[in-house]
Every structure is written in C-alpha cells, then in structure tokens.
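Q: Protein chains in written order, with this note's numbering: chain A, 1 to 230; chain B, 231 to 507.
Hints listed in this document are in silico derivations from the structure and should not be mistaken for laboratory results. It is possible that part of the hints are untrue.
[Claimed, not checked] Derived CB-CB ranges, DEER-like:
| no. | chain 1 | residue 1 | chain 2 | residue 2 | range |
| --- | --- | --- | --- | --- | --- |
| 1 | A | Q133 | B | Q346 | 26 to 32 angstroms |
| 2 | A | A72 | B | Q249 | 42 to 48 angstroms |
| 3 | A | E81 | B | S242 | 37 to 43 angstroms |
Keep in mind the model is a prediction, meaning the values are calculated, not measured. Each residue gets a CB set at the ideal place from its N, CA and C atoms; glycine is no exception.
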Amino acid sequence: MPSDSEITLGPKRSDGWRKVSAEVGGKDVSHLYYGPAKVHVGRHAAVTMACIGGVGTDKQHRRRGLARRVFARAVASMQGEGYTVAGLFTSRRLVAHRLYRRFGFVDVSSGRIAYKVLDPATLARRSLSSLVQQSPELGRRRLALRLCFERSRTVYLKIEGNDVSVLSRAPRRLDLSLTMSHTTFLQLFDSGIGLSHALGAKLVQWSGDAGAFDALAKAIAAFQRPVDEE
Amino acid sequence: MSPRRRDMTIRSFREGDEQVLAHLFNAYVADFLGPIRLSPRAWRAQFKRKSWRGPSLTDDSDCCRIAEVGGRVLGYALTDYQPFWREDAAVVQELCAAGESGADEVMQVLLADAEQRGLARGKSCLLLVLSPEDGRSAGAAASSGYEEHRDHELFMVLIVDLSGFLEEIAPALSARLAESLLRQWRGSVKILSGDQSSGLLCADGSVAVGPAPDEPDVTLAIRPEALPLLLLGRETIGELYVQDAVSLTAADAAEALSLLDALFPRLPLFLPRAQWW
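Taking the hints into account, I'd like the entire structure generated from these sequences.
A: As structure tokens, then:
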C-alpha cells in the first residue's frame with residue numbers, strides 16, 4: 001500500500017453527488033463519484049442506491065491498491081449517509097469488472113441490446129480502418145477482401161497501407177473472403193469474441209489466403225484487448 | 231420497413247409533450263415492471279443524466295420522435311445520435327407504445343424513422359437498448375430485422391447496509407407475507423452474510439426488521455455474492471439453495487424455505503433511465 005497517498009472525501013454537491021479520490025503529492029490520481037437514486041424492488045418498495053460512476057486511476061498509479069482504498073472509503077461513507085445499496089454499470093470485457101467483483105460487487109443484470117446495420121459498407125470500412133490503425137502488420141499487407149453478410153449485401157474492400165476503401169465491384173484478385181452475420185461482425189469489434197473463436201463456433205466461414213486470415217485474426221485479437229480502466 | 235397506418239404521423243418533440251409521454255411511459259412499463267410512477271419532470275430529467283451526451287430536447291427535438299394519429303400520441307422513441315461509446319451508431323434509448331393493439335406496428339414505424347434519421351446523420355448502425363424485462367420492444371425490434379445480444383452492459387450491486395436495506399423494503403416484506411399461505415407464521419429469522427447480520431420478526435402477517443435475534447426460529451446464512459441476488463429478486467432462495475450459496479437452520483426446513491420464498495420472490499429489475507448515470 002503506498003504510504004504517500006491520501007484518500008479524500010469531497011463535499012456533497014447540491015445534486016447529492018460527491019467525489020472520493022486518492023491524492024499523491026496533492027494530485028488526484030484515482031477517483032470515483034457517487035450520488036443518490038431510488039431503485040424499485042418489486043411493486044411495493046424502493047431502496048436508496050448510491051450510483052457509482054466516473055471511476056478511474058491514472059495509468060502510472062495503477063496496481064497499487066488505490067482504487068480498492070477509494071472504494072472502501074466510499075462504501076464507508078455511504079453507510080453513514082443512509083445508502084443501503086451501491087450500484088454501477090460496467091462491461092464484462094473490462095478489466096474493471098474483475099476488480100469490482102473483488103471489491104464485493106455482484107452481477108445482477110446483463111444489458112440487452114438489439115441492433116441493425118444500416119450501411120454495411122460504411123460499417124465494414126470504419127471498423128477495418130480502426131483495426132488497420134492499430135495493426136501495422138495488417139497495414140503493411142495489400143489485401144482485397146470480400147465480406148458476405150448473411151441476409152444482406154456483399155461488401156468488397158481494399159486494405160492498402162493505412163487506408164481501407166470500399167470497392168464498387170468485385171476485384172480481379174481476391175485475397176480473403178469472409179461470410180458472417182452482422183451480429184458476428186459487430187461482436188468481433190464490440191464484445192470480445194475473436195475471429196478464431198468465431199470460426200470454431202461456426203459463426204464465420206472463410207476462404208482464401210491463410211496468411212491473410214491469420215493476420216486479420218491477430219489484429220482483431222489485439223484490437224479487443226480489455227480496456228484497462230483501473 | 232413495416233407497414234404503416236395511413237393516418238399515423240411521426241413528429242419531433244414539442245415543449246409540453248413530457249406530460250403525455252411520462253403517462254405513456256408509466257402505462258407501458260406497468261405490464262412488466264409494476265406501477266412505476268415517473269413524473270413528467272423525472273421523464274424530462276433523463277436528458278440531463280451523464281450518459282446522455284446528445285443535445286438537449288430544446289436544442290435537438292429530433293432525439294424524441296412521437297407517433298400519433300389525429301393528435302393522439304401512440305408511442306415515442308428516444309434516440310441519442312451522439313453516443314459517447316460508439317460514434318458510428320445511433321442509439322434508441324427508449325421505445326414505448328400505448329396499449330396492446332397495434333403497439334408493435336407503432337414501435338416498428340418509430341424504429342424505421344430512427345433508421346432513416348440515423349442514415350441521414352451518417353450512422354452505419356442503429357442500436358436499441360432494451361430493458362431486461364421488456365419483451366415488447368424486443369419483439370418489435372425482431373420483427374424489424376434487429377438482432378440481439380446480451381453482453382453489452384452489466385449492472386453490478388453491493389449491499390452496503392443489510393439492515394437498512396431490509397428496513398426500506400419492510401412494507402413490501404409485510405405485503406408479501408400477508409399475501410402468502412404462511413401469513414399466520416410467527417417467529418424470527420436471522421440473516422447472516424459476511425460481516426453483516428440482521429433480523430426479521432414475523433407476526434400477524436407483518437414483518438418488522440431489527441437486530442439479529444440470539445435464538446431465531448430460522449437462520450439463513452447467505453454468501454455475500456448471493457445476497458444482492460436474493461434481495462433484488464434476481465434469484466430465489468430455492469435457486470440459491472441448490473447452488474450451495476445459502477444454508478438454512480430451522481426446525482422445519484421445508485417451511486423455512488417456503489417462508490423465505492414468500493418474502494424474497496423473483497422480481498423484475500427496474501432502473502429508470504432518468505436515474506442512469
């Protein structure tokens with residue numbers, strides 16, 4: 001436990017929210033905010049919840065137990081302020097989720113989201129552009145790619161350097177052809193499933209250059225590294 | 231695109247609409263969440279919450295689109311065209327329609343409208359946030375060609391004051407006991423979870439909360455990681471029992487299980503968007 005840090009409970013604002021922070025050398029390096037809400041528990045009751053948000057720790061001060069101390073201070077303060085329960089939103093793919101579990105928080109509800117792709121070509125180009133920006137190896141390849149979305153149109157793309165462009169028709173030489181649903185495509189970028197995993201689960205079919213497939217799979221795996229929130 | 235009633239029109243939010251929209255919201259969620267009463271002011275407050283990064287209703291009334299026939303509001307959709315977590319998407323945060331008959335069609339028309347507006351703003355996909363309990367929006371989305379996945383977001387909870395929590399829900403505990411077959415049950419229940427403990431005293435169909443009794447009729451020891459699931463009605467005592475997350479000490483274990491099942495039934499979880507942060 002760092003001896004040079006101090007946990008500070010900020011004043012309560014007019015909306016009931018307050019900040020708890022860890023300071024090192026007078027600088028805020030780890031913090032969270034909490035504030036009040038009533039949450040219904042069935043038809044006849046509501047409880048006073050402390051909603052937690054804005055959790056973060058400076059990168060260079062992580063893995064020193066600061067967040068744990070900030071949370072402990074916040075919970076102690078909540079107990080004295082009439083809160084009976086604390087709640088927060090996170091995602092399973094965040095490292096923070098594991099930390100919150102260690103702090104005693106429990107998963108009570110998964111979010112549900114439905115989506116529809118409005119413009120497959122733009123979606124594919126943007127997603128692959130983000131990928132190429134993060135993956136120099138993929139960016140060094142010149143790839144002609146066909147994406148067959150189930151129950152939707154086929155998209156042809158060209159990856160060259162850091163540029164990804166949509167082709168108006170099928171190219172003469174095709175390096176890689178992938179078939180999947182919109183859901184799978186979005187989940188590759190959003191929800192932490194890898195291309196190899198999707199292949200094993202028969203969510204993706206492919207044909208073409210194995211080296212190109214491997215490079216794409218590696219780039220997607222790297223792209224999906226959990227966000228180090230804590 | 232779903233078929234559309236010829237006389238149905240879609241328009242943007244106007245000042246004063248929050249009265250009828252809050253009423254519609256309350257009626258919509260009553261079926262699956264119970265009698266929630268969101269005031270027009272609270273309904274309006276959702277545009278001030280931290281997760282809503284879009285413009286205010288005054289600046290961009292398009293983010294609330296309203297379906298009506300002959301001036302009668304049938305439904306509405308709240309769409310955030312600037313979600314902070316996904317630049318290429320528009321996110322329908324709330325989709326509500328009045329009544330049973332035709333509600334699915336109204337929601338499909340509102341979704342189609344949001345799709346057109348999303349495309350016009352350069353968005354490549356439209357996302358619809360669904361309440362865990364809301365099957366109607368999910369049904370309308372499925373009919374409109376939407377696909378669903380569950381792993382997007384997670385709500386986590388920690389019980390910081392067990393006794394305080396039980397005191398807050400004591401009226402509900404009494405109501406549940408009074409409605410059960412064990413309404414005549416008299417006795418005490420001791421609840422232990424980690425370093426927290428509390429007591430329930432049941433008599434005359436009523437439940438009082440107090441300190442953990444020394445000689446209880448029923449002792450429930452529950453793992454801290456299971457406590458929020460039981461108290462918030464996400465899992466029943468029976469489900470937790472078979473997971474070995476609880477242990478029960480009572481002269482009549484079957485009766486104790488029935489009693490705890492009555493006091494802590496499975497419940498819908500309601501997190502008003504106005505209180506999301």
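Q: Each hint needs a verdict: does it hold in this structure or not?
A: Each hint tested on the structure:
Roughly 30 angstroms separates the CB atoms of Q133(A) and Q346(B), a value that falls within the hinted 26 to 32 angstroms. A hinted range of 42 to 48 angstroms for the beta carbons of A72(A) and Q249(B) is consistent with their spacing of about 44 angstroms. A hinted range of 37 to 43 angstroms for the beta carbons of E81(A) and S242(B) is consistent with their spacing of about 41 angstroms.
The earlier numbered hints are all upheld by this structure, with none contradicted.
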